[in-house]
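S.K.: Here are the chains, one letter per residue:
Protein chains: 2
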Amino acid sequence: MTRIKLTIAYDGTQFHGFARQPGVRTVQGELESTLQRLLGISVEVHGSGRTDAGVHARAQVVHWDQPFGPEGTRYPFVLQRLLPADIIPIRGETVEETFHARFSATGKTYRYTLQRAAMEDIFTRRYCWHVPGHLDLYAMQQAAKDLMGYHDFTSYCAAATAMEDKHRNLCEIRFESRDTYLNIYFHGNGFLQNMVRILTGTLVDWGRGELQHSPAWVLSARDRRVAGQTAPARGLALWQVEY
Amino acid sequence: MTRIKLTIAYDGTQFHGFARQPGVRTVQGELESTLQRLLGISVEVHGSGRTDAGVHARAQVVHWDQPFGPEGTRYPFVLQRLLPADIIPIRGETVEETFHARFSATGKTYRYTLQRAAMEDIFTRRYCWHVPGHLDLYAMQQAAKDLMGYHDFTSYCAAATAMEDKHRNLCEIRFESRDTYLNIYFHGNGFLQNMVRILTGTLVDWGRGELQHSPAWVLSARDRRVAGQTAPARGLALWQVEY
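Protein sequences appear in the order of chains E and U. Quick note, the first sequence lines up with residues 1 to 243 if you use our numbering. Quick note, the second sequence lines up with residues 244 to 486 if you use our numbering.
Bear in mind the hints are in silico, worked out from the structure with no lab data behind them. Just to be clear, a hint being listed does not mean it is correct.
[To be verified] Now the in silico label distances, taken between C-beta atoms and shown as ranges:
1) 158(E) x 245(U): 46 to 54 Å
2) 375(U) x 216(E): 45 to 53 Å
3) 91(E) x 349(U): 46 to 54 Å
4) 457(U) x 102(E): 54 to 62 Å
[Stated by the list, open to error] So the derived list for chain E, only partly shown, Cβ under 10 Å to chain U, looks like this:
5) 8
6) 9
7) 54
8) 57
9) 58
10) 76
11) 85
12) 88
13) 119
14) 122
15) 123
16) 125
17) 126
18) 152
Keep in mind that this is a model prediction, so the values were computed, not measured. Using N, Cα and C, we set each Cβ at its ideal position, and we do this for glycine too.
Model the full structure from these sequences, guided by the hints.
M.R.: Okay, here's the thing in structure tokens:
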């Protein structure tokens with residue numbers, strides 16, 4: 001068996017998320033059926049983690065084992081014509097069997113993009129949340145400082161998230177203004193369900209002055225209902241996975 | 244009757260072009276059915292010109308007459324929630340009855356975008372033509388110079404274009420490099436069917452050294468078959484209409 005590591009980008013708009021589910025279009029499902037057509041055998045694709053329906057990836061990482069087939073570095077060329085246009089194979093490698101897309105990951109970065117202009121831009125609307133009007137960026141940056149670090153993020157994940165330890169180390173939240181866009185990068189060692197979208201939605205609520213609770217108080221409440229709104233999926237992209 | 248001028252942007256990917264056609268989704272069809280729902284009467288929408296299936300617009304201009312209804316400046320707010328997400332109403336005005344979206348136009352600019360990187364970018368692939376590999380930009384710019392001006396563009400329009408005068412004044416072809424993108428702006432007083440896409444495809448053929456005929460010779464041949472390929476629709480956007 002040879003283990004292949006592949007870095008892919010995808011436009012999440014037309015996918016019901018990364019994880020395979022019967023009867024709907026998923027990134028994992030498309031990868032597995034494409035590999036089955038290529039290799040003639042069924043392989044199981046492992047991702048670095050799931051992304052929700054509508055969430056994009058600039059650099060998701062997956063791996064699989066194959067008894068025969070192309071060299072890792074050949075895969076982008078081989079898959080480019082076989083995969084649907086909304087999945088782009090970026091880089092392939094043949095790796096040691098000790099590598100695991102999910103368990104070997106040491107950190108992840110997500111990017112959330114806000115469009116601040118009065119009108120949406122036709123060329124970016126699929127990849128942004130349109131937030132016109134005033135935002136107090138200073139208030140958002142101060143709040144972000146209080147959210148960084150090792151915390152119990154129960155208030156900032158989907159209420160339905162299965163019982164488990166909700167402590168995560170959110171290493172950095174970084175803001176980047178570009179023309180009328182605001183990119184927010186979240187770097188951490190792991191993320192809970194909807195965590196980046198709830199963090200972003202809550203930061204926007206603070207920026208609009210619509211949420212009175214302090215970041216520290218929301219964290220300590222350990223209750224999803226006291227945090228702000230969940231930002232829409234389309235503004236979010238899995239930006240980088242570190243190994 | 245009041246005449247309304249509206250500037251719209253659209254993502255052409257899911258449209259069979261601008262012009263209304265029975266049984267398929269078109270920009271004009273969506274605008275007319277939305278206005279019918281809003282006003283309760285049927286209005287005819289006039290565009291500055293057609294765009295082909297898959298071609299985008301950053302600023303298409305349309306007009307219509309209404310016996311009653313919102314002020315021109317109100318239309319972007321009114322239509323924003325009524326139109327499908329791939330049409331964005333940018334600016335509305337109430338104009339004189341002498342204004343006509345098509346006949347009052349004095350010039351138009353189209354933008355064609357090439358993506359030069361080895362791999363497509365997931366966030367821009369719908370709006371670019373992916374052209375990896377070497378392109379001789381100097382050769383393209385020299386060829387562009389010979390194409391500017393008042394010429395018979397028979398060689399650079401769809402062979403099926405109906406009998407008519409094929410002379411047009413192509414005022415300017417301007418190149419703009421941005422990271423791995425090459426934008427080519429075409430400014431003129433009128434364009435023939437597929438003209439910008441054939442000009443772009445032929446410029447790329449020259450850039451790749453794949454076309455031996457000179458621009459002047461291709462012009463003088465008055466034969467579509469001697470020009471180069473037709474660039475794909477998705478890289479093209481109607482950029483601006485002048486009045």
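S.K.: Next, verify each hint and record whether it holds.
M.R.: Hints versus structure:
The given range of 46 to 54 Å is respected by residue 158(E) and residue 245(U), whose C-beta atoms sit roughly 50 Å from each other. At about 50 Å, the CB distance of residue 375(U) to residue 216(E) agrees with the hint of 45 to 53 Å. Range check, residue 91(E) to residue 349(U): Cβ separation about 49 Å, and the 46 to 54 Å hint holds. Evaluation of the 54 to 62 Å hint for residue 457(U) and residue 102(E) yields a pass: the beta carbon distance comes to about 58 Å.
Because the smallest distance between the Cβ of residue 8(E) and any Cβ of chain U comes to about 9 Å, under 10 Å, the interface hint for this residue holds. Proximity of residue 9(E) to chain U holds as hinted, the smallest CB-CB distance being about 4 Å (cut-off 10 Å). Of the supplied interface hints, the one on residue 54(E) is violated, with its beta-carbon coming no nearer than about 13 Å to a beta-carbon of chain U, more than 10 Å. Because the closest C-beta pair between residue 57(E) and chain U is about 8 Å apart, less than 10 Å, the hint holds.
Below 10 Å, beta-carbon pairs count as interface contacts, and residue 58(E) has one with chain U at about 7 Å; its hint therefore holds. Below 10 Å, beta-carbon pairs count as interface contacts, and residue 76(E) has one with chain U at about 7 Å; its hint therefore holds. Interface restraint check: residue 85(E) against chain U, minimum CB-CB distance 7 Å, threshold 10 Å, status holds. Using the Cβ-Cβ criterion of 10 Å, the hint placing residue 88(E) at the interface with chain U is satisfied: the shortest such distance is roughly 5 Å.
At its closest, the beta carbon of residue 119(E) sits 6 Å from a beta carbon of chain U; the interface hint therefore holds under the 10 Å criterion. The interface hint given for residue 122(E) is met, as the beta carbon of that residue sits about 4 Å from the closest beta carbon of chain U, less than 10 Å. Hint status for residue 123(E) relative to chain U: holds, with the closest Cβ pair at about 5 Å, below 10 Å. The criterion of a C-beta within 10 Å of any C-beta in chain U is met by residue 125(E), whose closest approach is roughly 7 Å, and the hint holds.
Interface restraint check for residue 126(E): the shortest CB-CB distance to chain U comes to about 8 Å, inside 10 Å, so the restraint holds. Residue-level restraint check for residue 152(E) is violated (minimum Cβ-Cβ distance to chain U is 34 Å; threshold 10 Å).
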